[in-house]
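Heads up: the sequence shown at position 151 corresponds to 151 in this note's numbering, and the numbers run straight through without jumps.
It should be emphasised that the hints constitute simulated quantities derived from the structure, not laboratory data.
Careful: at least some of the hints might be erroneous.
To be verified - BS3-like mimics (lysine-lysine), calculated; alpha carbons at most 25 Å apart, straight line:
{"#": "1", "residue 1": "Lys11", "residue 2": "Lys58"}
{"#": "2", "residue 1": "Lys102", "residue 2": "Lys58"}
{"#": "3", "residue 1": "Lys43", "residue 2": "Lys58"}
{"#": "4", "residue 1": "Lys58", "residue 2": "Lys12"}
{"#": "5", "residue 1": "Lys102", "residue 2": "Lys51"}
{"#": "6", "residue 1": "Lys22", "residue 2": "Lys12"}
{"#": "7", "residue 1": "Lys22", "residue 2": "Lys102"}
{"#": "8", "residue 1": "Lys22", "residue 2": "Lys43"}
{"#": "9", "residue 1": "Lys43", "residue 2": "Lys102"}
{"#": "10", "residue 1": "Lys11", "residue 2": "Lys22"}
Nothing here was measured: the structure is a model prediction, and the numbers come from that model.
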Amino acid sequence: MGEQESLTQAKKPWLISRGQAKIQGMVRPGVWLPGIRDLHSIKEVWTIHAKPGDALEKVVEAVAQIQHQSIAQMHEINRQDLFLSIYYYTPGAQWLDIVEIKFNPVENENEAMCTADIRSFSTGLLPVSFPLCFVVNAVLFFIPFFDNHFNSQRLATLRSAMGITITLDTQCRGY
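Using the sequences and the hints, build the whole thing.
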């Protein structure tokens with residue numbers, strides 16, 4: 001495999017990480033406790049200059065575009081409800097972080113617009129590469145941990161990769 005080809009190839013999570021992410025993504029012990037979850041979650045509201053369906057497709061394209069630099073996978077795409085979720089695996093140990101985006105139409109006679117409600121959060125103390133992490137994370141759900149700003153950086157990268165006009169209306173820590 002040539003150097004150029006390896007640079008453009010999408011990064012993929014390890015098999016154990018993919019398998020355990022399905023369970024960890026449903027259980028989400030990292031967001032069970034208010035206050036503690038604020039250390040590793042962020043909420044944003046965007047105003048997007050596009051129709052909701054077009055904005056959703058731009059996110060899908062952006063994730064495909066950034067897969068050569070981060071381990072990101074589309075988890076759920078619901079075009080009817082204008083909702084999607086993305087699984088991000090951190091480099092190295094592969095902690096599972098989830099980004100959820102809900103698009104809402106905005107009535108505007110002059111141009112197509114929508115808003116997006118976004119949550120990005122870490123799902124647990126241990127990475128999904130750790131055997132039975134979802135069990136241990138459920139037991140240790142009360143232990144605080146910090147996301148080192150990965151969630152906010154990830155959303156900034158996603159906004160930039162979408163290639164359309166997006167205004168960041170609000171950003172706050174919390175689920």
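Given hint lysine 43 paired with lysine 22 - CA-CA distance at most 25 Å | Status holds; Cα separation ~23 Å.
Does the alpha-carbon distance linking lysine 11 and lysine 22 stay inside the 25 Å limit?
-> holds (18 Å)
Keeping to a limit of 25 Å between CA atoms, is the pair of lysine 43 and lysine 58 held or broken?
-> Judged against 25 Å, a Cα distance of about 20 Å means the pair holds.
Holds or violated: lysine 43 to lysine 102, with C-alpha atoms at most 25 Å apart | holds (12 Å)
Is lysine 102 within 25 Å of lysine 51, Cα to Cα?
-> Judged against 25 Å, a Cα distance of about 13 Å means the pair holds.
With a cut-off of 25 Å on the C-alpha distance, tell me whether lysine 11 and lysine 58 pass.
-> holds (20 Å)
Given the proposed pairing of lysine 22 with lysine 12, does the C-alpha separation stay at or below 25 Å?
-> Between lysine 22 and lysine 12 the Cα gap is close to 15 Å, so the pair holds against 25 Å.
Given hint lysine 58 paired with lysine 102 - CA-CA distance at most 25 Å = The hint holds at about 13 Å.
Lysine 58 paired with lysine 12 [C-alpha distance capped at 25 Å] | Satisfied, since the Cα-Cα distance of roughly 21 Å is no more than 25 Å.
Would you mind confirming whether the straight-line C-alpha gap from lysine 22 to lysine 102 stays at or under 25 Å?
-> Holds, because 21 Å separates the two Cα atoms, which is no more than 25 Å.
Comparing the model with each numbered hint stated earlier shows that all of them hold.
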